[in-house]
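**Q** First to last, the protein sequences are chains W and F.
Throughout, the numbering used here is defined as the position within the first sequence, counted from one, plus 3.
Throughout, the numbering used here is defined as the position within the second sequence, counted from one, plus 8.
Rather than coming from a laboratory, the hints here were simulated on the basis of the structure.
Values in this document were obtained by computation on a predicted structure and should not be read as measured data.
Beta carbons are placed, not taken as given, at the ideal position from N, Cα and C, and that holds for glycine.
Treat each hint with caution, since some may be false.
[To be verified] No more than 30 angstroms apart at the CA atoms, straight line, and that leaves these computed lysine-lysine pairs for BS3-like:
1) W:Lys291 to W:Lys152
2) F:Lys166 to W:Lys428
3) F:Lys443 to W:Lys291
4) W:Lys428 to W:Lys443
5) F:Lys166 to F:Lys115
6) W:Lys443 to F:Lys115
7) F:Lys376 to F:Lys443
8) W:Lys441 to W:Lys365
9) W:Lys365 to W:Lys291
10) F:Lys166 to F:Lys443
11) F:Lys166 to W:Lys365
12) F:Lys33 to W:Lys428
13) W:Lys365 to F:Lys33
14) W:Lys441 to W:Lys428
15) W:Lys365 to F:Lys119
16) F:Lys455 to W:Lys291
17) W:Lys443 to F:Lys119
18) F:Lys173 to W:Lys365
19) W:Lys428 to F:Lys173
20) W:Lys163 to W:Lys291
21) F:Lys33 to F:Lys119
22) W:Lys61 to W:Lys261
23) F:Lys455 to F:Lys443
24) F:Lys33 to F:Lys115
25) W:Lys106 to W:Lys443
26) F:Lys119 to F:Lys173
27) F:Lys119 to W:Lys428
28) W:Lys428 to F:Lys115
29) F:Lys455 to W:Lys441
30) W:Lys441 to F:Lys115
31) W:Lys106 to W:Lys291
32) W:Lys291 to W:Lys61
33) F:Lys115 to F:Lys173
34) W:Lys106 to W:Lys163
35) F:Lys455 to F:Lys376
36) F:Lys115 to W:Lys365
37) W:Lys441 to F:Lys33
[To be verified] Simulated restraints on C-beta separations:
38) F:Ser210 to W:Thr318: 43 to 51 angstroms
39) W:Lys61 to F:Thr41: 51 to 59 angstroms
40) F:Thr239 to W:Thr318: 34 to 42 angstroms
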Amino acid sequence: MNYFEFFSMIPEISLLAVFVVIFIFDLVATGRYRRIFHALVCLLMLGHIYVCIESGDKEVTLFGGMYYSNSMIAFVKAMLVFGSSLVVLQAHRWLRSTHALAKQGEFYVLLLSTLIGMFFMLSARHFLLFFIGMELASLPLACLVAFDKYRHHSAEAGIKYVLTSMFASAIMLYGISFLYGTIGTLYFEDMAQGLSGTTMQIFALVMFFAGLGFKISLVPFHLWTADSYQGAPTVVTAYLSVISKGAAVFTLFVILTKVFAPMTAQWQMMIYAVTVASITIANLFAIKQNNMKRFMAFSSISQAGYIMLAVISGTAQGMSAMVFYILVYIMANMAVFGIIETLQHNVEGGELTREHCNGLYKTNPQLTLLMTLALFSLGGIPPFAGFFSKFFVFMSAFDAGFLVLVFIALINTVISLYYYLLIVKAMYITPNDNPIAKVKCDMYTRISLCACLLGIVLLGICSFVYIGIDNFAF
Amino acid sequence: MNILNLFVAIPLAMLFALWISRNTKQIRTVMVTGSTLLLSLSVYLTIDFIAQRNAGVTAAQLYTDSWSWYPALNICYSIGVDGISVAMILLSSIIVFTGTFASWNIKPHTKDFFLWYVLLSLGVYGFFITTDMFAMFMFYETALIPMYLLIGVWGSGKKEYSAMKLTLMLMGGSAFLLMGILGIYYGSGATTMNIHEIAALSNIPTEMQYIFFPLTFIGFGVLGALFPFHTWSPDGHASAPTSVSMLHAGVLMKLGGYGCFRIAMYLLPQAANDLAWIFIILTTISVVYGALSAISQTDLKYINAYSSVSHCGLVLFALLMMTRTSCTGAILQMLSHGLMTALFFALIGMIYGRTHTRDIRQMQGLMKIMPFLSVGYVIAGLANLGLPGFSGFIAEMTIFVGSFMVDDTFHRTVTIIACTSIVITAVYILRVVGKILYGEPCNEEHKRLTDATWDERFTVICLIICVAGLGIAPMWVSDLINNGVGDIITILRP
Chain W
4 MNYFEFFSMI PEISLLAVFV VIFIFDLVAT GRYRRIFHAL VCLLMLGHIY
54 VCIESGDKEV TLFGGMYYSN SMIAFVKAML VFGSSLVVLQ AHRWLRSTHA
104 LAKQGEFYVL LLSTLIGMFF MLSARHFLLF FIGMELASLP LACLVAFDKY
154 RHHSAEAGIK YVLTSMFASA IMLYGISFLY GTIGTLYFED MAQGLSGTTM
204 QIFALVMFFA GLGFKISLVP FHLWTADSYQ GAPTVVTAYL SVISKGAAVF
254 TLFVILTKVF APMTAQWQMM IYAVTVASIT IANLFAIKQN NMKRFMAFSS
304 ISQAGYIMLA VISGTAQGMS AMVFYILVYI MANMAVFGII ETLQHNVEGG
354 ELTREHCNGL YKTNPQLTLL MTLALFSLGG IPPFAGFFSK FFVFMSAFDA
404 GFLVLVFIAL INTVISLYYY LLIVKAMYIT PNDNPIAKVK CDMYTRISLC
454 ACLLGIVLLG ICSFVYIGID NFAF
Chain F
9 MNILNLFVAI PLAMLFALWI SRNTKQIRTV MVTGSTLLLS LSVYLTIDFI
59 AQRNAGVTAA QLYTDSWSWY PALNICYSIG VDGISVAMIL LSSIIVFTGT
109 FASWNIKPHT KDFFLWYVLL SLGVYGFFIT TDMFAMFMFY ETALIPMYLL
159 IGVWGSGKKE YSAMKLTLML MGGSAFLLMG ILGIYYGSGA TTMNIHEIAA
209 LSNIPTEMQY IFFPLTFIGF GVLGALFPFH TWSPDGHASA PTSVSMLHAG
259 VLMKLGGYGC FRIAMYLLPQ AANDLAWIFI ILTTISVVYG ALSAISQTDL
309 KYINAYSSVS HCGLVLFALL MMTRTSCTGA ILQMLSHGLM TALFFALIGM
359 IYGRTHTRDI RQMQGLMKIM PFLSVGYVIA GLANLGLPGF SGFIAEMTIF
409 VGSFMVDDTF HRTVTIIACT SIVITAVYIL RVVGKILYGE PCNEEHKRLT
459 DATWDERFTV ICLIICVAGL GIAPMWVSDL INNGVGDIIT ILRP
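Use the sequences and the hints to build the structure in full.
**A** Given below as structure tokens:
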């Protein structure tokens, strides 16, 4: 074994370096140095985006084909780091609060270790590496969900997350072992040749899908979502809903198309059912939600359903559409969560509900406008980026021949628009004598919200991002 | 520099200028400058277009240009106009211009009102100038969504309900539409989304046309108030603030008719021919039912909204008859109805602003109190019921003559049925005019009311000039749209 191969995993190694720097800084820094801690982390992460993109120039295959990276994977990694830095930027205020302050370093370290796990998931070409990556991404997340351990909800959410997560992993591992039993290898390339769609393999496929379906929170694996999202600290909810989900969807796409290619008809049928259920059920549940974080939980389940429209196509066009969708989704969702995070400090009990938003327009016109644009983007209204990403996703599914599925999804966009508009209505129209007082964002949050705003407005109209994604090798 | 790009660039610049403007005066300056620029630009465009046609330029589209946007998906930003689009752009500019004055004193949040208002008009212009299906659809939806806030925040009555109903129904329509657009694109196997290139290929299989024609037609038809999808229209119009009603009835509903003609019928001609009878029946119901419903209403805006359903139904009805004359009549009707309804809604808004009621049972003798507005109302009414000399007469005349030319029993029967709407229109118009304008004022408080202010007079006079102008000299419009209609009819009736 050539140990120098480790140094070819540039995104992982450099992320590890960031990790170590932060870890040591946390140990040694005292007094006024701690004040620059947050800024340091943000800068390191933003710098890391550059490293990821730079590493995409060449194709890398390491360890006998266990690890693989190309420009598309490097871009997705950069995208995840970007999303995580938005999360970190928004976390500033929350980390300043008394009980989180002492654990500031832990937050970064946990966050980064999940990120490393996701990197391995993305680059894995062997089921063991994939599984290790996925576990590395899941366990620290459970700690993050329960980070506010003195808040009852947070602890409850953490235990719910960790139990269901472990359960899902166990089922998935079971499925993988079946695959190993029928084929005798765990390398993706070799497996594709050995699969023939026997009953055992279909069983294994379903088991495997259940594990990832949990991470993506598709119906019927979504039951943990609402509770965990509500209980977790808002920044962690944001992280769960965009980064963790994005990485899992990408991996699912890769594995379905690379490994399960001989069983395309089977997995397409499976995803068909799951997509219809996810979009429809989540939309219907979202209408009734009053708590904003629960609401966003159901909204994110239905968004995951829309992403599945790209996955089901299994084409290169679907891949581009999916990555673009995730990018746009990161922007819009982070904007919404950033605003929720900002507002909830001014709400009694710290739980933002739809009623709290009533009449927000009078006191916080700018936040209201940003929130409206973000919700419009999530709902797929032009000229915002969400319209473009939805359109491309529909196109890819339509191209693959799933006409009825596209139609169902389209009808569902109307339902989703209804509940997004309910929030807009609360903010603009519903009268309220004492809305939430004028909120002042801290600088970090402001930067992240501005980045989101730019993304929402420009990502669709300026086509170069999509063209760039489309040119990446897949 | 393509002149058409200005129709998108100017509203964008207006959005930016509104964003940075600080007080009402600056906002008004921006709006007046911008809408005047747009109006003069569209007048110039019309004159130049007619001049080019007279000079013998016969290309289907003028001022064409195309920029690659999403090359991997064959999406371009391609622009170009034919006579129909020019006519629609001119109409939009007039309505946007007069609408600005009609909302001169809008309160509260003046700035935001105009921001959404301009975004709406941006969508409308964009829709008419583009020839790429994706871009058209994008602008189409851009024009729809501001309606939610415009009605919800600045409207009156049960505005929340109406705004939500309107938005969801129209978005439901565009869900159908998107399905249709994707079907057309993939069905034709084209490597472009440009409608003219797809039409030139004309290779969409018939069985696919049968699926996607109804989807596309209904998708646009929802906005064109096609029965039974018209129910958003009365509530929406009744709750919207004046200028939004004007823009919506005047321009936005025309997007529906234009889209039906330009995309549904033009690109799916086979299915359009075979399935037209279903939609002819539906539009006939729209025409007659809309007019009958208007009779039984007591709210001025509802009366006019149902009248719009009837008149817009007539547009779709005429398009589906697919003769050259009837389609020319349909375009004329779009123009005429756009101007008339805008005038009507403007006047209703002004009267409502004074009397604070739109219930015709509570108003009487307004002619003595506000003669200017009342005379305007009478003129609008007469134009609406198709008095010769006004635009309505020309349009309806052309439509019915054109429809009767189709020589089979079914088409002639429905034409005769649709003709009854002329009589019914006269009933509800004259009833309202007689009820609220003449006689002695019944309400003491109404006697203290004042007549129109300068900005209102300006709006009304502008619109009356346009309505009368179109009625007296309709020939130039025929010159304008002749080629455009001809091209589509040749495809529909080979």
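**Q** Give a verdict on every hint.
**A** Going down the list of hints, with the structure as the test:
no. : hint                                     : verdict
1   : W:Lys291 to W:Lys152                     : holds, 28 angstroms
2   : F:Lys166 to W:Lys428                     : holds, 13 angstroms
3   : F:Lys443 to W:Lys291                     : violated, 47 angstroms
4   : W:Lys428 to W:Lys443                     : holds, 23 angstroms
5   : F:Lys166 to F:Lys115                     : holds, 18 angstroms
6   : W:Lys443 to F:Lys115                     : holds, 27 angstroms
7   : F:Lys376 to F:Lys443                     : holds, 13 angstroms
8   : W:Lys441 to W:Lys365                     : holds, 9 angstroms
9   : W:Lys365 to W:Lys291                     : holds, 25 angstroms
10  : F:Lys166 to F:Lys443                     : holds, 25 angstroms
11  : F:Lys166 to W:Lys365                     : holds, 21 angstroms
12  : F:Lys33 to W:Lys428                      : holds, 29 angstroms
13  : W:Lys365 to F:Lys33                      : holds, 22 angstroms
14  : W:Lys441 to W:Lys428                     : holds, 19 angstroms
15  : W:Lys365 to F:Lys119                     : holds, 14 angstroms
16  : F:Lys455 to W:Lys291                     : violated, 50 angstroms
17  : W:Lys443 to F:Lys119                     : holds, 23 angstroms
18  : F:Lys173 to W:Lys365                     : holds, 25 angstroms
19  : W:Lys428 to F:Lys173                     : holds, 13 angstroms
20  : W:Lys163 to W:Lys291                     : holds, 22 angstroms
21  : F:Lys33 to F:Lys119                      : holds, 11 angstroms
22  : W:Lys61 to W:Lys261                      : holds, 20 angstroms
23  : F:Lys455 to F:Lys443                     : holds, 16 angstroms
24  : F:Lys33 to F:Lys115                      : holds, 14 angstroms
25  : W:Lys106 to W:Lys443                     : holds, 25 angstroms
26  : F:Lys119 to F:Lys173                     : holds, 25 angstroms
27  : F:Lys119 to W:Lys428                     : holds, 18 angstroms
28  : W:Lys428 to F:Lys115                     : holds, 18 angstroms
29  : F:Lys455 to W:Lys441                     : violated, 45 angstroms
30  : W:Lys441 to F:Lys115                     : holds, 22 angstroms
31  : W:Lys106 to W:Lys291                     : violated, 36 angstroms
32  : W:Lys291 to W:Lys61                      : violated, 49 angstroms
33  : F:Lys115 to F:Lys173                     : holds, 24 angstroms
34  : W:Lys106 to W:Lys163                     : holds, 22 angstroms
35  : F:Lys455 to F:Lys376                     : holds, 9 angstroms
36  : F:Lys115 to W:Lys365                     : holds, 14 angstroms
37  : W:Lys441 to F:Lys33                      : holds, 27 angstroms
38  : F:Ser210 to W:Thr318: 43 to 51 angstroms : violated, 27 angstroms
39  : W:Lys61 to F:Thr41: 51 to 59 angstroms   : holds, 55 angstroms
40  : F:Thr239 to W:Thr318: 34 to 42 angstroms : holds, 40 angstroms
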